[in-house]
Amino acid sequence: MRVFNCDHCGHLVFFDSVQCLHCGSALAFLPDALTIAALTPAPQDGAELWRRRGRQGDAHSSGRLYRMCRNHTDHQACNFAIPVHDFTELCVSCRQTRVMPDLSEPANMGRWMQIEAAKRRLFYSLARLGLEPAPGGTSPVFEFLAEVPGGPPVLTGHNNGTITLNVAEADDDERARRRIALGEPYRTLIGHLRHESGHFYWDQLVRDGGRLDDFRQMFGDERQDYAAALEAHYAKGNDGNDWADHHVSAYAAAHPWEDWAETWAHYLHMIDLLETSASYATEVTVPGIYGPQRSSAIDPFAIPAPDFQSMVQHLVPLTLLLNSLTRSLGQPDAYPFALASAVLAKLRFVHDMVREAALRPAPVAAPVPVPPAAPAANQGIKKNSKSANKDRR
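In this text, residue positions in the sequence shown follow the UniProt record's numbering: the first is 1, and each later residue adds one.
Since the hints were derived computationally from the structure, they do not count as laboratory data.
These numbers come from a predicted model, not from an experiment.
By construction, the Cβ of each residue, glycine as well, lies at the ideal position given by its N, Cα and C atoms.
Errors might be hidden in some of the hints.
[Stated by the list, open to error] Simulated DEER-style distance windows between Cβ atoms:
#, residue 1, residue 2, range
1, 344, 242, 10 to 20 Å
2, 325, 14, 11 to 21 Å
3, 302, 151, 45 to 55 Å
4, 55, 110, 32 to 42 Å
Modelling step: build the complete structure from the supplied sequences, incorporating the hints.
Right, dumping it as structure tokens:
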């Protein structure tokens, strides 16, 4: 994620900022411009309207008009703004959430806010890649569900365009417990959302994009029995590293669908890391017996776009530095991955498909279902079906 500057005073601000600490301006993220902007109230133009403030010293504000997302107004849970001509109450990210947990439960409010924050980051990355909306003109919808006593477990997964997340994943202790139980080196909210978005975009780019033969050649045949494959995976466990030569994670070895989703998620990890590095103009020097090897930041969104190999060449020293820094603080590796040549080939496959999709004419976005006016409790705790698509743990 890039860093931003307040467009009123120039001070450093961040993607989730709501106020500039230097000039005091209210800040909001503008999805139509993919940037953070300083806003000033504009009651003369209409109730609850805001106008882009403009640079310090301007004689007057003449920027575009916006409204704040209702989840900002009601819960201080969102910093996305809505263009004045869009008459929905929820921003483009929040309106994708179809089911929320019962927010009258105190713990669920904090969980929901954390999950929505991660989802806004996913939206930003997909939008910058030209994938929001998807080539078919649709976007995923989300259901954030809490388990209830005596009810069935809630499984995080994707089914036919709907991404489900168990809100317990927002609790650090519960997420760590599951990570350890499953033998995983990495488990985060953004990781879950990126993985499940991979299943959604598999439908869009591979199945509906006419690329099944290419996919099967690279990842394997997804028509094999999914439930049996997952049962065999969990029976075997994550012990050993016989998967490491061909897969980005042990879970990726379970089934071609999961291999794609894990690779997709990793591609989004890579893009976000590189964009952050470029935002800080990072240069990494790796010492060696043959002299220092210097690497300069590669912006994945630069024009002209960098090639895949150049991005990987900066990713490797960048992650070495990142892990060295976290170890210095007594923390585990922030980037616990090693990318074999077969994994890099799969990442390149994802990269090429993303670039191809971004070059297609922009579709007309289909309307996204808007949740009820008040936060909704779980509307039917469910397991994901395996009728056509993908499940997580």
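Verdict for residue 55, residue 110 (Cβ pair) under range 32 to 42 Å: Since residue 55 and residue 110 have Cβ atoms about 37 Å apart, the given range 32 to 42 Å holds.
Satisfaction of the hinted span 10 to 20 Å by the C-beta atoms belonging to residue 344 and residue 242: At 19 Å between Cβs, range holds.
Hint check for residue 14 and residue 325 - Cβ pair distance inside 11 to 21 Å: 19 Å, holds
Supplied distance hint 45 to 55 Å, evaluated on CB atoms of residue 302 and residue 151: The hinted range 45 to 55 Å holds for residue 302 and residue 151, with Cβ atoms some 49 Å apart.
Of the numbered hints given earlier, the model fails none.
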